[in-house]
Each structure stands twice: as structure tokens, then as C-alpha cells.
Amino acid sequence: MTSKILTTLAIVLAVCACNNSGITVSEEYPDIFPDYIGVTIPASIQKLPIRMADGSKCRTSQRQVGDTLWISVTSLGNKNCKGKDNKYNKGDKYNKGNNSSKGDKDNKGNKSYKVRYKEFPIYISRDEIDPYIAYRLIEPGYESWNNMGIYTRALAGFEEKAIVTNEANAKGCVNCHCFDAGSPDRMLFHARGEKGGTVIIDGGSITLNNLKSKGPQRQGTYPAWHPEGRYVAFSSNTTQQCFTMQGDQPVEVYDTESDIILLDTQSEDVKYIINSEDRLETFPGWSEDGSTLYYCEAPSFADVSGQRGEIRYRLMGIKFQDGEPKGEPFVVYQNDSLSISFPRAAGRYILLTGSAFGTFPIWHKEADLYLFDTSTGELTSAETLNSPDTESYHSWSSNRKWVIFSSRRIDGRYTRLFISHFDGNGNFTKPFLLPQKDPNHNTLRLKSYNIPEFVKGDASGKESKIKNLFQ
Amino acid sequence: MTKGADGSPKNWAKVLTWTLEPVLLFCTVFIVSHIWQKFALSNQESLGLFLWAPDYLNDMLSLDRPLSRLIGAYLVQFFRFQYLAEAITASIVCIIFLLIRWITSRCGFTCGAFCTLAAAAVWTAMAKTTETSLGILILLIAAALSIACIFIRLKEFFCLRFALSAGISIVLLICSSLLIARDKEIQSRERWSLIEQASVNHNWDAVLSVATPSQCRQDREMLPFALLALNEKGQLAEKMFLYPIQGPEDLDTEGSSSRRAFLFSSVLYESLGCSNEAIHQTFQSACFTAHGTSFGTLRQLVRFYAYRGDEAMVRKYCTILQRSSLHKAFTEKYLALIEETKQEKAPENDSWQRNIMNHDQLSDLILLQQEGISSGITMDRYFCYLLAKKDINSFKTQFELAKEYYQTIPRHFREALEISEGHPSPDNIYYMYCQAEKGIK
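Residue numbers (the working numbering), protein chains in the order written: chain V, 1 to 471; chain S, 472 to 912.
Hint data in this document are derived by calculation from the structure and do not stem from the laboratory. Just so it is clear, the structure is predicted and the values come from calculations on it, not from any experiment. From the three backbone atoms N, C-alpha and C, an ideal C-beta is built for every residue, glycine too. Heads up, some of the hints might be wrong.
[Claimed, not checked] Quick list of in silico lysine-lysine cross-link-like pairs, DSSO-like style, CA-CA up to 27 Å:
hint	chain 1	residue 1	chain 2	residue 2
1	V	Lys437	V	Lys47
2	S	Lys799	V	Lys57
3	V	Lys437	S	Lys799
4	V	Lys467	V	Lys195
5	V	Lys195	V	Lys437
6	V	Lys271	V	Lys319
7	S	Lys599	V	Lys57
[Said to hold, decoys possible] A few chain S residues that don't get close to chain V, going by computed Cβ distances all over 12 Å:
hint	residue
8	Ser539
9	Thr575
10	Leu649
11	Arg691
12	Ser756
13	Gly847
14	Lys860
15	Gln869
Based on the sequences and whatever the hints tell you, model everything.
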């Protein structure tokens, strides 16, 4: 009798577990790509398209409770997938499916029914985010390139527009875009090659400037626009690269020479502000109030490629007032096992990239983001943002509440963009991958994202004018 | 001839009138393409790309004449199979012929020979430019005109007799065939297409069948490919100086910045077991293709990353290739392979200790040996470089240390040793090389 009751109970439970449309309920979170489980998003981002990590499609529904979105995912099994069993179409290589309840398989190994997973939360922050981002798209190659361009897109949607592509300058390089405090109307970028120079967009005025013809006769590389908008600090780098025969890191990019120059956008004068024979100075970045210029510095070596493992950059600073550096440069942070790049200040914090050595962290798998607290002098790893693969370029939103950064965590080579919320007290939330209309786009896109920056508006629509500069 | 029901001589003549010329055209294009263009056609596929992917489609739509380019790129992916390539080419030409015949007949002008002339001109232009999209463009224009002609029916004002028309068509097709068969540029492209494909597929005999010593004399660019093929077959030290070598620079394409030079380098470093550099050179070569990548490039990258055991990259490129029409078997093969060979390893911390490429073949070969990725190919190549440099002293000193690896001493090494001992035999080819001034051979 007891066994009959138990059997009946088991049958009833099994029937309850599957609804009448053949959906099995799982008590585990879904294995989805991108992994948006528990991320914090700005209110302006409405859509976060996902798919199952195994490549199959899924149906989602959501309900909002306060500032939390609860997402319910039902995997649609194999019949909605292309191919037999897209088990090869994994998403994040560090978040591979360890989910055991993906549905039974039929005798051909195909999944045969739908699974509804445990609801997962997405937290909505009340902190605003700049409505647009800008970035460069380029193949992650070595010495040459084909098409590249600087693009912008609204975070609320998916449409991507070109600010400029290298069609404008006969397939030359376009790089190092920089905005004046995130203004879409005031930006600059470099166009390399014949007739190249630094393109400065200031409202309706678009000019091509040859920095090399002015002052110290050095061309600009990494820019940093002073918060008050008049000055732009550039590093001026002589860059080379070498290629390793074996190993994980195929290329090392290094500088044989680098100094910091300053452009006065009013007078158009260019002058050195940090310049020494025996040191390499690069990666300028301003404090939020513009009173300090941060940069990275390393001793120069005779054989840079041979001694590349010994080159570590430290974080330096110099006071700045009325267009002039004040006093002597000072060491902000130095670590004998970490090379520092891209210092970006937010209040008392400086977010920076740290790698084992060198000045080009994007090719360093060990490169991570670190947060330096200027009030305590402590450097801590921004662990929430980091992965076993490369994290590199990063920038703050204009209210310093959000950070966008580049990471190679998806496949180890093609850089993708992640956004995280910052609470102003040294804490980041789990970052989310820049949403795409079709999540597969992250895999199908054969270009890397470079230099992500937040922008306060749409910076596109100037391409034809820019093109005229190179006619 | 008498009138009759179906099957009567009159109907057969009509059928013959309408089908002879297009059938003749199809067969001619198919056969000529098969004999003189088969590798050039399949190489179009290697250099082409068609993906159902947003970036690719947006890129195509931003170009001029996007429709013909898209259809052309879609069809070219089937050129991976030789017979299909020839059949598609022949079909395009044939459809153009039929459309033009329809248009002209509606305009009161019945002349099969004129249609053959137009179709043959398109065929020849496609063969000269390797632009399938050009044929598609003409086809689309002809199709649009054909639709317009549905509403036009002019009284016939000219009709060339069938026998005469067929005769002229045959002459035109013979002329076009001869033009294609004898065109130096087409011949050269065919040879190079074979060499490129055979090198990538490691079909070294095929490389050597084209890159013969006499052919290399006419086109010195072939030398690195021929010497690598010899190297792979273990014959470099036996036959190298039968080729018109002028110096060590003939062994590679260093310093040259063409797609073909980078393709060679990628194959060379693959042979030497140096996957980092093979990938580097493949990326370089890809920059010369229309979309910054191609089917050939993607397949090579899959191979190289599979060799490295890099699962994420193999999966990425396979996912991309799965957005084309004909890579199912290829991707399944490599995805199964990577399942077996994938390497889960922690990121390296000592990458700075790795040797770097000098882009000087001699020192790079030494560094490769230091990296522990030396092979018989590397060793043969190293000694042959010394011989090509006419550095017999270094050769002799270093060969002494490596002699034990050779069961029998290869011909050129023997010849070099003879010279070092001061008594070269009369049939010493290497001696003749050493005596020759650069550029004389």
C-alpha cells in the first residue's frame, strides 16, 4: 500500500514538474550567453538579448520588482537551433556550461524538450549613464589592417554609426579618439599615413593639425583632454613591435622613445611638459579637477625588445595650473612586479591597467584592472572586473558611476566591451557585456573593440567633412 | 523538310535551332574552364567570402553594385568544388546568352551569333579579371531588360540563317577558347593558383610539378615555394642547386609585402612548427583580401589554432565558417579534433623569455632550435641557407656536429664538403653555383 502511495506521489510530482506544454522546471540558473545573471544595468538599457551558452535559442520573460528585473529563461531545446547539437557554439570560455539540467537527449543525442530555469535577477541602478559610447573597430592583427573605423552607438539601442572610417584617409590608420568631457561636438583623433595628422572637431569646425610641425616637432599618440577643455596632453611615442616564436603572447608592442606634450587648442601651440632622455613617459590622464596630470614612466633600455620583461612603468603625477606644469613630477605608485598603464581618475580613485611588464597590455593575458586609492596609497585588484584573460583600456562615465572596459575573456583574442557600475567607494558590480541585438554577433564579428569611451550624444554625421580633409 | 506532328523533322530542327548554340556554349565554357582555369576558379573561393553575418552583409551593401557582388560572392563559395565552379561559370555565360537571345528576338532581331558574341565577351572578361560578379552584373542587367521586353514585340526585321549563325558561333567560341588558353596572364594565374592551393594543402608534388627549374627561371617568385616543397619532401639538400638560385634570399619572401609573400610565410612557419608566426603571417595575408579575411584565411586559422590546441579560437572561426554554405564537414572535423586535443592551461607568466623573430632566416632557424621546435626540415633548411650564402666554412664546422642525424649525406652537402677539401668533382653542381656571379645563372 505504502509503495503504491509513493509511486502515485512520484507520478504526481513528475507531472507537476512538467507543465502541459512539456516544459521541465529546473532549480538552477540557466547557462546563458552573455552571462547577465546578477549584473547591474543602467535604466536606459532596455534590452539584453541572450541565448543559451550551447548555442540554442531561448525564450525569456521578465517581471520587475522595485529596482530588480527577474528574468525567466526557457530553453527551447534543439529544434530551434541550427544544426544538430550546437554544443560547439560555446559562449564565454571561462563560463562554460556546467549546467546539468539541460534536458534529456533523444537517441540521436539531441535535446528533446524545453527547460524553464530558475529566475535570475538583473539589478537596475538609478545612476545615470552617458547615452552613447564610441570605440574603434579593427581586426586584431599585427602590422597591417584592412578596414577600420571609429564608431558610436546609443546604449539604449543597437544601431552603430561611423564617426569616421579609414575610407576617409585611403585606408590609413585612424586611432586614439578622445572627447572633451564626453562632448560629441568636441573630439579629436589621429589619422596616420600620407596627409595624416590630428583631426580636431570643435563644433562645426573640423581641422587637420600636424603636431609635428609645431613646437617640439613630435606627433601625438595617446591623448587626454584637460577637464576644462582648453588643453590636451598627448604622449608622443616611437612604437615598435616584436613577435614571439612560441607561447601565449604572440606579440609585444613597446616604445623606444616617449614623452608628454601639451597642445593648447586656443593658441594651437605645442610644447613638451614631460621630457627626459633616459625615461619613457606615456599614458597621460588628468585628475577629475584637472589639477594633476598623471602619467606612466619607465626607464629606457638600449635593447627594449630583448629586455622587455624588465620594463615596468610606474604611476607618476605632476601638478598643473594655467597651462603649465607646477613643481617636480612625483611618484604616485610603484610596484616592482606590475607595469601600469591607462590611469583614469574618478575622485580619489584611479582605475588603471596592470600587467607583468611592458606598455601594451592588450596582448598580455595577465593584464588586469586595478583601483588605486590616492587617499591611502593602496592598490587593489578590481577583481569583480577581471578574468583570467586580458583586461585593458577603460574609461569612466561623465558622472564616474560607470566604467566601460575592454576584455578578451570571450575567446582570448577579439576584444569586447564590458560595463560595470561603481559605487564611489571602491566597489564595482559584476560587469555586463555590451548588448547586441543578436548575441551571436559577439562571435561573428571579426573585429576588436578599441578605446571605449562614453559620450554624451551622437558624434556621427561628420564623415563627409572629415573625408574632405584628406582630398 | 515537311511539316508534321511532334518528332517530325520540322520540330527537331526547331529544337536544334534553340538548343544547339547554348549547349555548345555551355560545353565549351565548361571544358575550357576545366582545362585552363580550374585552379584559378577554386582559388577565387579561397580569396572570397560569403557569410550570413551582419558585419559582412553590411560591408557588402556599402559597396558599389552590391547586388551583383553579393550574388557573385554567394556563388563563388561553391567554387570550392572544381566541377561546380566550371558548371556555375558555364551556366552564367549560358543564361546571359539566352537572355540576350530573348531580348533581341523581341526586338525583331534573330541572330544567335550575336548572342554568342556577347556571351563570349562576358566569359572572356570574367576569365581575365576573375570577377564572377561582373558576369552576374551583366546577367542582372540582361534579366532586367528581358522583363522589360515582355511588353515589347517588334516585327522581325533581321534573321540570320541558323546554319550560318551556328557556324559563326562555333568560330567565335573557338576564338574565345584560344584567347583564354593562350593568354599569358590567365596561364600565369592558373599556375599560381595551383601553387598557392597545393602549398596550403601540403600537396608538395603538385607544387613541384608546376614550379620546375625552368618555370622558376621565368618567374623567380616561384622559387621559395619550390624550395619549400623540396624541403618538405626531404630533397632540398639533393636538388636545391638544380634550381636557378642566386642567393639565400631565394629561399623565402622576407622583405616582400604582397598577399602571396605572406601566404608563403604562413605556410613556411607552419612547416617549421612555429604556429605563432604562421598565424601572424596569415593575418598579414588576410589584409590583402577584400573583406580583411577570406575563406582560405579562416580555414588556415582554424588549422593553426587547432594545432595549438586553442579551443576558443577554433570554435569562433568554425562558428563563422558555419555561416557559409559549404563548411559543414570542415568545421565538424576540426571541432571534433579540438575536443580531443584542447589544452586547458594557465596563462603563461614567462612569455617575455620567449625568443622573438628576427626576420633573418638564419638566426630565426637557430632560435627555433633553441625553442625546441626544431625538425629535419629546420636542419636541412639551415644548412642549405649556409650553402646558399656560400659560407662553406660555417657549413663544414656546424655540419660536423649534425652529421650523425643524416644516414646518408645529401648531395649538396657532399659537394660542399668536397669543395672544402679542395677537390670538387666535375659534376659538382654546388661548385658551379659557388663559381657563378650573382645574376649570371
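Among all the numbered hints in the text so far, which are the ones the structure does not match?
-> Of the numbered hints given earlier, those the structure breaks are 5, 7 and 12, listed in rising order.
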